[in-house]
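Engineer: Letter by letter, the chains look like this.
Protein chains: 2
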Amino acid sequence: MTKQMIIGMHLGNGYGSQPGAWRMPGVDPKNFASFDAKVRYAQAAERGKMQFLFLPDGPSHVGDIGNEAPHFNLDVMMTLAAIARGTERIGLVATGSTTFNEPYNLARSFKALDIMSHGRAGWNAVTSSGEDVAANYGQRIPSSADRYGRAHETVQLVQALWGSWGKDAWVHDVESGRFANEDQIQPINMGGKYVASRGPLYIPPSEQGQPVIFHAGGSPNAHALAGRFANVVIGATFTIEDAKAQRQAFRDAAEHAGRDPDEIKFIAGMMTTIAADRRAGLDRKIALTGRTFPQRVRYLEQMLGVPLDPSRLNEPLSKQQLAAARPSPMDPRSRNALKIAKEGWSLSDILAHGVIDYHPSIVGPGVEAADHMQEWFEAGAVDGFWISPDVYQDGVDAFVDGVVPILQERGLFHRDYEGATLRDHVGAPAQYGIDPRV
Amino acid sequence: MTKQMIIGMHLGNGYGSQPGAWRMPGVDPKNFASFDAKVRYAQAAERGKMQFLFLPDGPSHVGDIGNEAPHFNLDVMMTLAAIARGTERIGLVATGSTTFNEPYNLARSFKALDIMSHGRAGWNAVTSSGEDVAANYGQRIPSSADRYGRAHETVQLVQALWGSWGKDAWVHDVESGRFANEDQIQPINMGGKYVASRGPLYIPPSEQGQPVIFHAGGSPNAHALAGRFANVVIGATFTIEDAKAQRQAFRDAAEHAGRDPDEIKFIAGMMTTIAADRRAGLDRKIALTGRTFPQRVRYLEQMLGVPLDPSRLNEPLSKQQLAAARPSPMDPRSRNALKIAKEGWSLSDILAHGVIDYHPSIVGPGVEAADHMQEWFEAGAVDGFWISPDVYQDGVDAFVDGVVPILQERGLFHRDYEGATLRDHVGAPAQYGIDPRV
Chain C
1 MTKQMIIGMH LGNGYGSQPG AWRMPGVDPK NFASFDAKVR YAQAAERGKM
51 QFLFLPDGPS HVGDIGNEAP HFNLDVMMTL AAIARGTERI GLVATGSTTF
101 NEPYNLARSF KALDIMSHGR AGWNAVTSSG EDVAANYGQR IPSSADRYGR
151 AHETVQLVQA LWGSWGKDAW VHDVESGRFA NEDQIQPINM GGKYVASRGP
201 LYIPPSEQGQ PVIFHAGGSP NAHALAGRFA NVVIGATFTI EDAKAQRQAF
251 RDAAEHAGRD PDEIKFIAGM MTTIAADRRA GLDRKIALTG RTFPQRVRYL
301 EQMLGVPLDP SRLNEPLSKQ QLAAARPSPM DPRSRNALKI AKEGWSLSDI
351 LAHGVIDYHP SIVGPGVEAA DHMQEWFEAG AVDGFWISPD VYQDGVDAFV
401 DGVVPILQER GLFHRDYEGA TLRDHVGAPA QYGIDPRV
Chain A
1 MTKQMIIGMH LGNGYGSQPG AWRMPGVDPK NFASFDAKVR YAQAAERGKM
51 QFLFLPDGPS HVGDIGNEAP HFNLDVMMTL AAIARGTERI GLVATGSTTF
101 NEPYNLARSF KALDIMSHGR AGWNAVTSSG EDVAANYGQR IPSSADRYGR
151 AHETVQLVQA LWGSWGKDAW VHDVESGRFA NEDQIQPINM GGKYVASRGP
201 LYIPPSEQGQ PVIFHAGGSP NAHALAGRFA NVVIGATFTI EDAKAQRQAF
251 RDAAEHAGRD PDEIKFIAGM MTTIAADRRA GLDRKIALTG RTFPQRVRYL
301 EQMLGVPLDP SRLNEPLSKQ QLAAARPSPM DPRSRNALKI AKEGWSLSDI
351 LAHGVIDYHP SIVGPGVEAA DHMQEWFEAG AVDGFWISPD VYQDGVDAFV
401 DGVVPILQER GLFHRDYEGA TLRDHVGAPA QYGIDPRV
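Note that the protein sequences, when read in sequence, are chains C and A. Taking our numbering, the leading residue of the first sequence gets 1, the next gets one more, and so forth. Taking our numbering, the leading residue of the second sequence gets 1, the next gets one more, and so forth.
Treat the hints as calculated values from the structure; they're not laboratory data. Here a beta-carbon is modelled for each residue, glycine too, at the ideal position from N, C-alpha and C. One or more hints might be untrue.
What the hints assert, rightly or not - Here are the simulated DSS-like cross-link-like pairs (lysine-lysine), alpha carbons at most 27 Å apart as the crow flies:
1) C/Lys-244 x C/Lys-3
2) C/Lys-193 x A/Lys-49
3) C/Lys-30 x A/Lys-30
4) A/Lys-3 x A/Lys-49
5) A/Lys-3 x A/Lys-30
6) C/Lys-167 x C/Lys-244
7) A/Lys-30 x C/Lys-167
8) C/Lys-49 x C/Lys-3
9) A/Lys-244 x A/Lys-319
Claimed, not checked - Partial list, derived from the structure: chain C residues whose beta carbon lies under 10 Å from chain A:
10) Ser-60
11) Ala-112
12) Tyr-137
13) Gly-177
14) Ser-206
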């Protein structure tokens, strides 16, 4: 069988990845607090055979709370617990900070999730870099060296704790009265410069043994951490060339750590507004984000290097403006923005194309998303995508019904889950406790 | 209406509170890892209109793992998340250490539970005193002064974070596009000697505003902490006299903190083996715990102050032994043990009465449990009980069908939930953020 792509879905605040999602028709504006809604969206993604859900986490609240919902779930682990109870196959991945959590607490909650989901848990181990997050813990953000130093120790400790109840330790034999094999339940007695734990953790293996490690980050420190521990990288990149370079950096880092580079998958972000046609997609995006356009025009000016008039949103750029425009080398989105501008779209429509979104944005019919994904995947730039639907209420179904079948038809995406666990879904090799190779 | 008692249920490892529960007929020996089972037992308690479930937590593993299950849930919060999704009315209370958790993390997970359960969450805020627990965090147990110092700060911070999104802050008005009232979302900027947080927490109020504070402990420090913050005390006591004294100490402490003493409820522990008659109860208890009797005889010797012969378990104490016996003043269970011994039961049956259990133990028909509860309750010794069924698989139903109806018949226990939230169930007054009185 030819290689197929992995697709994950971002599941955030209960509304969607675009500002204004909470106000869209059909959306319950109380979904921020609705676990029912999040379970429903997870089920929709599972219907599309997506390999995993990804719940990023701050934890902090920044942004325009007067007009927009916080980005994150109330509590990512509690949300995934609810979703674990309401789904059967899809992987469940949450961000957990190595800087602001005790290893023992991380080990316990993620392995409990792994048990309750029957082997579908993944931990996106990140160091947290926001001072706003640190302040919630009465701290300042440590240096990158200290953060990554602690991250290395924390992941090792957590994996050691996961393995501290040996693979076959849990006997539960009623006949003999033997509950567990004590010889296979051992303290870990590990400690370093930053964290320590005696252990053992008192949780037996899940169907996949232990959770899968994810990482998100782009620095050399991130490459080293992910290369050593991660099976999946949650990437952010705007071009095939950059994606290729990033993917290679992580593969090199894995190899450097003594692992097979195919054990680490690079997954690029993508935002979706799937609609019947481009025009319908743009109109939907305008309804979602139009309120922010006057302010986004200022960004676009910098990206294109020409003055733009926020009061003339419905007009395309003039010939003079297009001729004078120079994509900013500081922003990788600029070339795409200029390309769209040259197609003659109005200022409003240019912005509606998502040229300033956090990830490449598809606004239009499903086939355009499928084409984008095929191009990147076949170029060897990515092992898959994590998509951020604009509005969960109908945007997940739009992707599942409008994009997934095309990818399946083209042989690029599986028609059903091959296995039962997240390890199966992302091709992560069996592991229990610390990987002896790294 | 006359005052009625509160009843909570201990929900531990998935088997029951007695060693050997995991091996009993009808019990799935894999229940330690089964969230389905725990949800089922919670539903049974809810059928009995119990006010809350109580999930204690170590977190550590100590004990005879070769023969017995760990006492605690894999992860109390993940377990309660599953139970929140599978129940409607019963309160959900878990222990969370103030020593080994960051206030921001505690605030977030408990308030998320409160939201997902529609106002049924309670936090048993304890300081943790076991070196085995501390070692899992690479630490030693701090002094009592430091632990309680941190506990006071932590509860205050957590409550401040709970109130940092004001009661009416969440507008979610689609028409006007106003998501929240920024004026009511404020940083807390609190910090003391031990912990600090800037906030705000980004979670709106639940149906009960914020979770209810529980506490468990018996020292003067515990009285002061509970008197200031708690609405329910998870007690441990063996006699009416002691229970009265403990209850009064907590009430005095509440008054000292400027609160109405009726705002704090003292709930005593009770273990149950409910059966058709006393003999059937004793036989059930022997099946559950008989394996431990030879070693428990050694305890009983100390309690009664006479030598006993572990090889003659089936014989009652001799007249000489009974005459020589002196209940140990060090162990409040001793007088009851001697009383049982004098009734002529065999050594095995004496132990099967649960005379060395962690709480007063009822082994026999439901009416005996009801009588015990009525006596204590009407003596003003307790505001209610938290029961620990011997085996969840059938022990919860045995209590619900064998004890609850008698209590209801006698007017001692409600016939249905009066309200929807845990605050309603335990008579805790409305509170949002920090109680201004304390």
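Engineer: Hints first: check each against the structure and report whether it holds.
Structural biologist: Evaluated hints:
no.: 1; hint: C/Lys-244 x C/Lys-3; in the structure: 17 Å, holds
no.: 2; hint: C/Lys-193 x A/Lys-49; in the structure: 50 Å, violated
no.: 3; hint: C/Lys-30 x A/Lys-30; in the structure: 38 Å, violated
no.: 4; hint: A/Lys-3 x A/Lys-49; in the structure: 16 Å, holds
no.: 5; hint: A/Lys-3 x A/Lys-30; in the structure: 41 Å, violated
no.: 6; hint: C/Lys-167 x C/Lys-244; in the structure: 37 Å, violated
no.: 7; hint: A/Lys-30 x C/Lys-167; in the structure: 15 Å, holds
no.: 8; hint: C/Lys-49 x C/Lys-3; in the structure: 16 Å, holds
no.: 9; hint: A/Lys-244 x A/Lys-319; in the structure: 34 Å, violated
no.: 10; hint: Ser-60; in the structure: 8 Å, holds
no.: 11; hint: Ala-112; in the structure: 3 Å, holds
no.: 12; hint: Tyr-137; in the structure: 6 Å, holds
no.: 13; hint: Gly-177; in the structure: 6 Å, holds
no.: 14; hint: Ser-206; in the structure: 8 Å, holds
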